[in-house]
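Asks: Residue numbers (the numbering used here), protein chains in the order written: chain E, 1 to 348; chain V, 1 to 220.
No lab work stands behind these hints, which were simulated from the structure alone. Among the hints, a few may not be true.
Here are the simulated lysine to any residue pairs, SDA-like style, with alpha carbons at most 25 Å apart [said to hold, decoys possible]:
1. 265(E) - 30(V)
2. 59(E) - 112(E)
3. 265(E) - 86(V)
4. 239(E) - 165(V)
Now the in silico label distances, taken between C-beta atoms and shown as ranges [claimed, not checked]:
5. 282(E) - 186(V): 25 to 35 Å
6. 96(E) - 42(V): 44 to 54 Å
7. 264(E) - 192(V): 44 to 54 Å
8. 189(V) - 335(E): 47 to 57 Å
Each residue gets a CB set at the ideal place from its N, CA and C atoms; glycine is no exception.
Spelled out, the chains give:
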Amino acid sequence: MCIVFMIYTVLMGLLIPLGSGVTSVSPDGAKVLDTLTVKVKCYNTHFEEAQNSAKAFLKNDTLKMIVCANSIKVLNDQELELKFNVPFINIKKDDFIFVDLVLNNDKDGNIMQDEAIRIDRNNSIDSSINYSNNSTQSTNCADGITHTKATYIHFPNRAILNESIRNLYFHVPMWFTMMLIISISLVYSIKYLRTFNLNDDIIAVEASKVGILFGVLGLITGSIWARFTWGAWWVNDVKVNGAAVTLLIYFAYLILRNSVDDAQKRARIAAVYSIIAFTMLVLFLIIFPRMNDSLHPGNGGNPGFNKYDLDSTMRMVFYPAVIGWCLLGIWILNIRIRLNKLMNQENN
Amino acid sequence: MLFKEISFLVKKEIALEIRQKYAFGGLLLYVISTVFICYLSFKRVVDPPVYVALFWIILLFAAVNAVAKSFLSESRGLQLYIYSLANAEAVIVSKIIYNLLLMLFLSLITIFFYTLFLGNIIQDMPMFILSIILGSFGFSSVLSMVSAIASKANHNVTLMAILSFPILIPLLMTVVKFSKNAVDGLDWSVNYQYMVMLIGLNVIVIALAYILFPYLWRNE
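Could you put together the complete structure from these sequences and hints?
Replies: Below you can see the structure in the form of C-alpha cells.
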C-alpha cells in the first residue's frame, strides 16, 4: 500500500509536465504610439503544434484596454515574435503604466505574464492633438478564444517556483511524517513513565531516530528548494532555524541515551528528556513561526499554498504523497522496532 | 507541609553555600575576569546588539557553571539522605528557588562590573533589571532540571552543556530582544509580548520540572 502510494507520488510528481509560462520578454518597455516588436521566450509551450490558433494581446485591467497583435510569427516551439501598435494613452509626465501580456492557443490555453511591458509617455508627441479616438479600436481578438485552459494535464507554472514546485511532494510531507513519528515517540515516552515496560522505551527511541531521519531529509530538501527560490542554501528564517535547533535537541537526546549504561535508568532519563524535547519542538516549529515573520508560504503575510497554487492537479498528487510518506515512515519504524526486539531477545 | 520542606531545603542550600565560600568566590572571580577580558579586548562597547549579546553570553556561561553544581556536586549518599527525608517536588522547587537567588545575585554583580568597565549605554535601567530577573528565572529553572538529568547520567558535565544549550535558545532569543529594547530605551508597551513570553516559558519549564522530576529522583 505504502509502496503503491510512493511510486505514484514519484512518478506523477516528477513526470507530469509543468504548465506553460513566459520566461522573458524583450524589449520590455515602449512608448506611446510606437510600433513595438517583441520577442517572447516561453517555457513548455507548443507554438508550432498550435500555430493556427495562436493569439496574442496586451491588456490593462484598470484602463479596460486590450491591444491585439498585428502579426504573430512563430520562431519555434518556445519563441514568438509579436508586433503591436501601441495606442494613445494619456500618461502624465514621468509616469508610466504596465500592461500584461496574454498569449493563447488551443493547446496551451492562456499564458499570462503580468506587467510584462512598461509603457512610457512619448515626449515627441504633441499633447495638444487629441488622439483619444484612436485608442478605442475594439477589434477584440480576446472574444474568439475557445480554450482558456491547457488541454493536457500539468502543474501550475509560477514565477520563481518554476519546476521546483514538485518539491512540494517531498519537502512538505517529510515534515508531516516527522511530526507524526516524533509524536509517537512522545506518546511512548509517557507510556514508559507509566508502565516502566522496556518495549515502550524501544518504540520511543526508534521513533525519535526515524523522526530525526525525516527531519534531516526535510531540511535537505528545504535547503535545495531555498537555493532555487530564495537564493541561498541557508536563509535566516524562524522555521529553518527552529527546525535546526529541534534536530540538535534530538541529537542531544541520542547522546544522553548513549551515556547511560543501565537499561532501566537510561529509559527513564531518556523519557524525561524526550518530553522536554517535544515541548521545545512544539515551541520552535509551531508557536515561534506564528509569532515572527517567516519566508514560508502562509507565514508573515505570504499567501499559503492553498490560496491559489494548489490546484486540483497538484492535490491529486499531494494528498497521496502525504499518506505515502507517512506510511513509509511508519514502515521503517516498524521494521526497526522488530529488529531491536529480536536483538534484545538474542542478547538475553 | 510542602512549603515547610521547600523553605527548609532552601535554607540548607544557603547554609551549605555560606559554609563553602570558595565555590561562590570562584563564580564571582569567573564573572569579573570574563568582564575584564572583554574590557581589555573591546575597551568600550557602544553598539546595543553587541552590548546585550556579550552580556548574556557572559551570564549564560556563568549560569551553566553555577547551576551545574546544584545536582552534580552532590554525592550519592547525600542524595539518598535527602530522598529519604523530603518530597521530590520539594527538592526540585527548592533547587529552582535557590538557583534563582544565586543567579540574581550573580547577574547583579555582573551588570555592576559590566557597566563599570564597558560603559553604561542602558537607557532604561529598571526594564533591563526586569529582563535580568526574568532571564535568571528561566536560566535557573531550565538548568536545574537539566542538571538533575545530567547528574543521573554519570555526573557528566559536557552532557550538561549539550542538553541545556538548545533548550535555552528560545529563552535567550526572547531575553536578548527584551534587554536590547531596554538598552535602546523603548516604550514599555513594546515589551509586554516579551514579558508574557518569558513568563510563559518559565511556567512551562517549571511545570515540566515539577511533573517529571519525581521520575528522575526515584531511580537508583
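Asks: All hints, please: hold or fail.
Replies: Quick rundown of the hints versus the structure:
A distance of roughly 35 Å separates the Cα atoms of residue 265(E) and residue 30(V); the hinted pair therefore is violated under the 25 Å criterion. For the suggested pair residue 59(E) and residue 112(E), the alpha carbons sit about 10 Å apart, so the restraint of at most 25 Å is met. The hinted pair formed by residue 265(E) and residue 86(V) meets the criterion: a straight-line CA distance of about 21 Å does not exceed 25 Å. For a cut-off of 25 Å, the pair hint linking residue 239(E) to residue 165(V) stands: about 18 Å separates their Cα positions.
Under the hint 25 to 35 Å, the C-beta atoms of residue 282(E) and residue 186(V), about 29 Å apart, fit the expected range. A beta carbon spacing of about 51 Å between residue 96(E) and residue 42(V) agrees with the range 44 to 54 Å that was offered as a hint. Look at residue 264(E) against residue 192(V): about 46 Å separates their beta carbons, and that is inside 44 to 54 Å. A hinted range of 47 to 57 Å for the beta carbons of residue 189(V) and residue 335(E) is consistent with their spacing of about 55 Å.
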